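S.K.: Throw the hints in and build the complete structure from the sequences for me.
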Amino acid sequence: MAKSIKVRAKVKGGVTVVKTLISHPMETGLRKNKKTGQKIPAEFIQEVTCEHNGNNVLSALWGTAISKNPYLSFKFKGAKSGDTLKVSWVDNKGKSDSVEAKIK
Amino acid sequence: MNTKRRTFLKSTAAVGAVGVAVSAGLLTPRAVFAAWPKAAFEATSLDSAITAAHGGSAAASGDIKLKAPDIAENGAVVPITVTSKIAGTESISILVSNNPTPLTGTFNLGSNTEGFVSSRVKMSKTSDVVVVVKAGGKLYSAKKEVKVTIGGCGG
Numbered sequence: 001m002a003k004s005i006k007v008r009a010k011v012k013g014g015v016t017v018v019k020t021l022i023s024h025p026m027e028t029g030l031r032k033n034k035k036t037g038q039k040i041p042a043e044f045i046q047e048v049t050c051e052h053n054g055n056n057v058l059s060a061l062w063g064t065a066i067s068k069n070p071y072l073s074f075k076f077k078g079a080k081s082g083d084t085l086k087v088s089w090v091d092n093k094g095k096s097d098s099v100e101a102k103i104k
Numbered sequence: 001m002n003t004k005r006r007t008f009l010k011s012t013a014a015v016g017a018v019g020v021a022v023s024a025g026l027l028t029p030r031a032v033f034a035a036w037p038k039a040a041f042e043a044t045s046l047d048s049a050i051t052a053a054h055g056g057s058a059a060a061s062g063d064i065k066l067k068a069p070d071i072a073e074n075g076a077v078v079p080i081t082v083t084s085k086i087a088g089t090e091s092i093s094i095l096v097s098n099n100p101t102p103l104t105g106t107f108n109l110g111s112n113t114e115g116f117v118s119s120r121v122k123m124s125k126t127s128d129v130v131v132v133v134k135a136g137g138k139l140y141s142a143k144k145e146v147k148v149t150i151g152g153c154g155g
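Chains as they are written, first to last, in the working numbering: chain A, 1 to 104; chain B, 1 to 155.
Quick caveat, the hints were computed from the structure, so don't treat them as lab data. All figures in this text were calculated on a predicted structure; none of them were measured in a lab. From the three backbone atoms N, C-alpha and C, an ideal C-beta is built for every residue, glycine too. Mixed in with the good hints there might be a few duds.
Which chain A residues stay away from chain B? Per the calculated CB distances, all over 10 Å, these [to be verified]:
1) Lys6
2) Arg8
3) Lys10
4) Val11
5) Lys12
6) Lys35
7) Thr36
8) Gln46
9) Glu47
10) Asn56
11) Ala65
12) Lys68
13) Lys75
14) Gly82
15) Ser98
16) Lys102
Each computed BS3-like pair below joins lysine-lysine, with the alpha-carbon atoms no more than 27 Å apart [stated by the list, open to error]:
17) A/Lys75 / B/Lys85
18) A/Lys10 / B/Lys85
19) A/Lys19 / B/Lys143
20) B/Lys85 / A/Lys12
21) B/Lys125 / A/Lys75
22) B/Lys38 / A/Lys32
23) B/Lys38 / A/Lys68
24) A/Lys75 / B/Lys138
25) B/Lys144 / A/Lys10
26) B/Lys144 / A/Lys68
27) A/Lys32 / A/Lys93
28) B/Lys143 / A/Lys6
29) B/Lys38 / A/Lys86
30) B/Lys144 / A/Lys39
31) A/Lys77 / B/Lys67
32) A/Lys12 / B/Lys144
33) B/Lys67 / B/Lys144
34) A/Lys19 / A/Lys102
M.R.: Pasting the structure below:
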């Protein structure tokens, strides 16, 4: 599951705007396979955490109703250009991924 | 052979005990797993989801700006942007009242994080999108109706 996260972080006027895209199926568990009629088991991200210099800036708890290939954007203060931002996620099947990005 | 069997029995017994404790409600899921509030995400009505997630009901507030489309052509991807002007905003939750499980996500903000979150949610049908903001231990909410022409939960 490497490189499932894309991160763009940019400082402007002291505020860092972070935009992330995660590639993940986000199955709700309610959808059915059209051929077999079987329900497709749920597979969704439960937790996304973003850390700046070891400080937690955002921890999101998600349910099944977040769209496929989730987009997430938020803003925080106190970061400089060149700092690293770590973004990681864990899903309900225990899969996880994390990425470190430089803030521009 | 015999010792292996012993350890196997012991480990299964331990796992079983934890399982029993969880199902009996002795250990909340919060304590067992990272912090994922299972009850809140499985709640099927708007009010019970808010109560399960935050332990109370929310008062309407004009300081929350909820940006969502008036009409969503595709319910699978509805962009939602929330801006909270309330000082000391700790968390932002996005709920869709007519979804099978209304709570879509809770965003817990760090101390330096601004009251701003943007994401995309699924909507099964035309519904109110409700945002609950927690600030200073109190709950505030804002809502907006979004019309959905194609549902996003399949079926």
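S.K.: Hint by hint, which ones does this structure get wrong, listed from lowest number up?
M.R.: 8, 9, 10, 11, 12, 13, 21, 25, 28, 30, 32
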